[in-house]
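> Please build the complete structure, drawing on both the sequences and the hints.
Here the protein sequences come in this chain order: A and B. For the first sequence, position 63 (counting from the first letter as 1) is numbered 63 according to the working numbering, and the numbering increases by one without interruption. With the second sequence counted from 1, adding 1000 to any position gets you the working numbering.
Hints are computed from structural coordinates only; laboratory data are not their basis. Each residue gets a CB set at the ideal place from its N, CA and C atoms; glycine is no exception. Hints are not guaranteed to be accurate.
Some chain B residues close to chain A (C-beta under 7 Å, calculated; not the full set) [claimed, not checked]:
1. Asn-1109
2. His-1358
3. Ser-1368
Keeping only pairs whose Cα atoms sit at most 25 Å apart, straight-line, the calculated DMTMM-like set for lysine to aspartate or glutamate is [as the list claims (entries may be wrong)]:
4. B:Lys-1333 / A:Glu-40
5. B:Lys-1381 / A:Glu-51
6. B:Lys-1381 / A:Asp-10
7. B:Lys-1421 / A:Asp-64
8. A:Lys-136 / B:Glu-1355
9. B:Lys-1421 / A:Glu-40
10. B:Lys-1333 / A:Asp-64
11. B:Lys-1421 / A:Glu-15
12. B:Lys-1381 / A:Glu-15
13. A:Lys-27 / B:Glu-1353
14. A:Lys-136 / B:Asp-1220
15. A:Lys-27 / A:Asp-64
16. A:Lys-27 / B:Glu-1355
17. B:Lys-1381 / B:Glu-1353
18. A:Lys-22 / B:Glu-1414
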Amino acid sequence: MSTANGQDLDALYQEIILDHYKNPHGKGLRGDADAAGTAEVHHVNPTCGDEVTLRVHLADGVVDDVSYDAVGCSISQASASVLHDLVVGKGVDEAMAIHQEFLTLMQGKGAIEPDEEVLEDGIAFAGVARFPARVKCALLSWMAWKDATARVTGAATGEGDKA
Amino acid sequence: MTLEGLLPELAVIRKDFPILERTLAGGLPLVYLDSANTSQKPQVVIDTMVDHLERHNANIARAMHQLGAESTEAFEAARDKVAAFIGAPERDEVIFTKNASEALNLVANTLAWPGDRQVGPGDEVVITEMEHHSNIVPWQLLTQRTGATLRWFGLTDDGQLDLSAIDELITERTKVVSLTWVSNMLGTINPIAEITRKAHAVGALVVVDASQAAPQLPIDLAAMPAEERPDLLAFTGHKVVGPTGIGVLWGSRAVLDVLPPFLGGGEMIETVRMDVSTYAGIPHKFEAGTPPIVEAVGLGAAVDYLGHVGMEAIHRHEQAITAYALEGLQSVKGLTVLGPLDATRRGGAISFEVEGVHPHDIAQVLDSRGVAVRAGHHCAKPAHARFGVQSSTRMSSYLYTEPREIDALVEALEYTRSYFKLD
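Following this line, the structure appears as structure tokens:
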């Protein structure tokens, strides 16, 4: 549960997360939102007001770039940075599988052992799953990425633009 | 430590609130600084509600048996207690709702429908930029539905209402002015009397959101000069040491009598035929269906409790704690308080930013030290946007707050800065 003592706090704020927060990878919007193979979405977390504008560019079935502007807490910012690292350069199907792996980890209430082969720095978020109030922070950019990617591939997720 | 203005029997008052004795993970004592979100409950409120459920439970006003009579009496006695708490000119002017949001929505909805006070195209509704979303969205809905125009007071840099344009804002087109008495984000206390006088001079209704005022300020509606007395006033039970699920709309009889009914159903009728119905008088006209009975009874006990402690004394206590907190908070490097810095001109909710740490992360670290605060937009996104911030951290005290809890907050904020390695 989310009752945190000092030890839990360190489980939440892993060094990897704080590093990504201080030096986010891939931050800033790039390219043209209207270009072919590109979609841009704006997602918010209505509870806390965290926001992300995220742009996906796909080329030949590969995630060519994920660029974003975001305001929010360390967890949401670090998570966007890790997302960028994990999906850029991957085939869309593989990237979706990574997305599913991360989603499963975050919804696992802290009971799931993450696979470092797949999630790399993303394993640092295993501790976040034990703080129900923070899971949405970690998933904000990931859900935005899925939504934007579906818009490009034409497979609507049904979640729409939450702006 | 002792501060001038603290409640003299603070230790005794704290004993009235059983939750203050519990500990959190790691055996840490609870430092509850989220009372503007919801207040804690004294034993007398808990016991009164349990007693009602154990011994007097029945539906009200329709059960022809002893329990029904007892339950009805308890429910109506709660109305008397609430009326006394706010100095209502008449006890029947007190309407029980689910919460303050429902009370405000009741007014905004019934003003859309045909009646003496109906709002229509060309009319204007005036609110302010510091409102809680519950006092913004209902008026957006009203003006969108009726073709009226929504206007608002802006804010000055120090978090006050910008009254410089009051004569352009409140005009003969103004039908409603709705504003908060005390801001839930900035803590600002607004000049209700001055604005009400202006609004009444042009024949506008004045609606006051007293959700943050009722817990902290003595309210005596009957003692206000008629031209300065709002027409309608809303607050919620759970912020005045009462339970959730119960709110209050007070309105002057003259206004409530001409507003059409809101929800239709049991208790709000006089008689019902298949083609048409006639309606009960106030307060029942606005209380369709079985109301939150035990919650109303609990609220009665709550305002009775506050009355015994004394709202003047509670207000002094809040000011003393708020002044102490403002001083302590400003000793934290990189911390900026949003809103007025003079404790005598503000309420007990203090929102702040710490450079380099997001409010969520602050609240998380504070929670690990047992300090409960709120982080986010506090349902006041426009007010945050006005000050160029997306969210903030908010501490809020109440009659049970001790100076050492402020010390714990300041200490936990220093720890937060070191945890996130800010120089």
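> Confirm or reject each hint.
Here's how the hints hold up against the structure:
no., hint, in the structure
1, Asn-1109, "23 Å, violated"
2, His-1358, "4 Å, holds"
3, Ser-1368, "4 Å, holds"
4, B:Lys-1333 / A:Glu-40, "38 Å, violated"
5, B:Lys-1381 / A:Glu-51, "13 Å, holds"
6, B:Lys-1381 / A:Asp-10, "31 Å, violated"
7, B:Lys-1421 / A:Asp-64, "35 Å, violated"
8, A:Lys-136 / B:Glu-1355, "23 Å, holds"
9, B:Lys-1421 / A:Glu-40, "34 Å, violated"
10, B:Lys-1333 / A:Asp-64, "43 Å, violated"
11, B:Lys-1421 / A:Glu-15, "11 Å, holds"
12, B:Lys-1381 / A:Glu-15, "32 Å, violated"
13, A:Lys-27 / B:Glu-1353, "23 Å, holds"
14, A:Lys-136 / B:Asp-1220, "44 Å, violated"
15, A:Lys-27 / A:Asp-64, "15 Å, holds"
16, A:Lys-27 / B:Glu-1355, "20 Å, holds"
17, B:Lys-1381 / B:Glu-1353, "15 Å, holds"
18, A:Lys-22 / B:Glu-1414, "19 Å, holds"
Comparing the model with each numbered hint stated earlier shows that hints 1, 4, 6, 7, 9, 10, 12 and 14 do not hold.
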